[in-house]
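Using the hints, position chain B against chain A.
Chain by chain, the residues run as shown.
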Amino acid sequence: MSIRVKDLAKECGVSGDCVRFYTKIGLLRPLRDPENGYKLFSEQDVRRLKFIRTAKRLGFTLNEIEKIMEAHDDGKVPCFLVREFLRSHIEANRKLLKKQMALQERMEKTWARWSAMPDCDAAERVFCRLIEAAAEFDFLAPKEGDD
Amino acid sequence: MEPLEADHMSQISFQVKELALRCNVSADTVRYYTKIGLLQPERDSASGYKRFDEKDMKRLSFIRRAKSLGYTLNEIKQMIEESRKGKSPCPMVRDLIQRRIQRHRHRLEEQMELQKRMEEALARWAAMPDGIPDGDSVCVLIESIENPCQSHREEDNQIE
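Protein chains in written order, with the numbering used here: chain A, 1 to 147; chain B, 1001 to 1160.
Same shape as in the complex, but just chain A (with noise of 0.2 Å):
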């Protein structure tokens, strides 16, 4: 079997342009037709794209993908390095979340209270009213290890 870029493509539901890239980093190894000079696909890269997406959508990063193909094509087992990239993943990602969601509670609190709060009046001395006052905000109180 061999197919052309969009049919590859539409075989594992990506744009021609992201077949054209991972070929373009090396993650996909069509032949050439020798008469046109087309990419030609085989089942291979079928399964190769197919294992890309999952794998991103499971958070790994193209880099991490193209080590766990070398591992691969070298006769290797890449299922160590798997579930140790997955763990920092999970790792970074818990760390990152538990920011955002500070991050997330202090916006929303602070639109709450200034619903309550009057615009401020053109040319007073502070840049803008509402956030000078957040200086007072309990909630936005500096804790240890902030940045």
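Incorrect hints may appear among the rest.
Claimed, not checked - Listed below are several chain B residues computed to face chain A (Cβ distance under 8 Å; list not exhaustive): (1) Pro1089; (2) Ile1097; (3) Ala1121.
Quick caveat, the hints were computed from the structure, so don't treat them as lab data.
Quick caveat: nothing in here was measured; it's all calculated off a predicted structure.
A virtual CB, placed ideally from N, CA and C, is assigned to each residue, including glycine.
For chain B alone, coordinates are given in the frame of chain A:
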């Protein structure tokens, strides 16, 4: 910091390092804000050093506060410009935070879903042995998760 008499204010001036120290930011931050025009120090005519005053200190603490609320430096610049033009920046300030709250909530939800997908995958893999190298599959763990050609709903069901 001690409150300053109005008369002294115009005379007090700091160099980059002093301003940074007083506002608890790095000197690089002060330099960067100056470079992009958020702070506008005078130049010492003798030494050429940047001289910041009380006004810059207030502005810097304003910038930090706005940043901690999620405003971008670009937005903060707009606020300062509005206020410089004698307009009230408050409508813009409210509008920006409201829009960011919605966008950010959406992104948080996506990230929470990703976290769930990752944790479920790892838990499922705990019960699976490593694969045996063969030409067909790249990694049995990842390939066990889902077929990306199916719709999202089907994918989600497969993970659960």
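Do the hints match the structure? See the list:
1. Pro1089: Hint holds; proline 1089 of chain B Cβ to chain A Cβ min 5 Å, cut 8 Å.
2. Ile1097: 5 Å, holds
3. Ala1121: Alanine 1121 of chain B check passes; min Cβ-Cβ to chain A is 6 Å, inside 8 Å.
Checked against the numbered hints given earlier, the structure satisfies every one of them.
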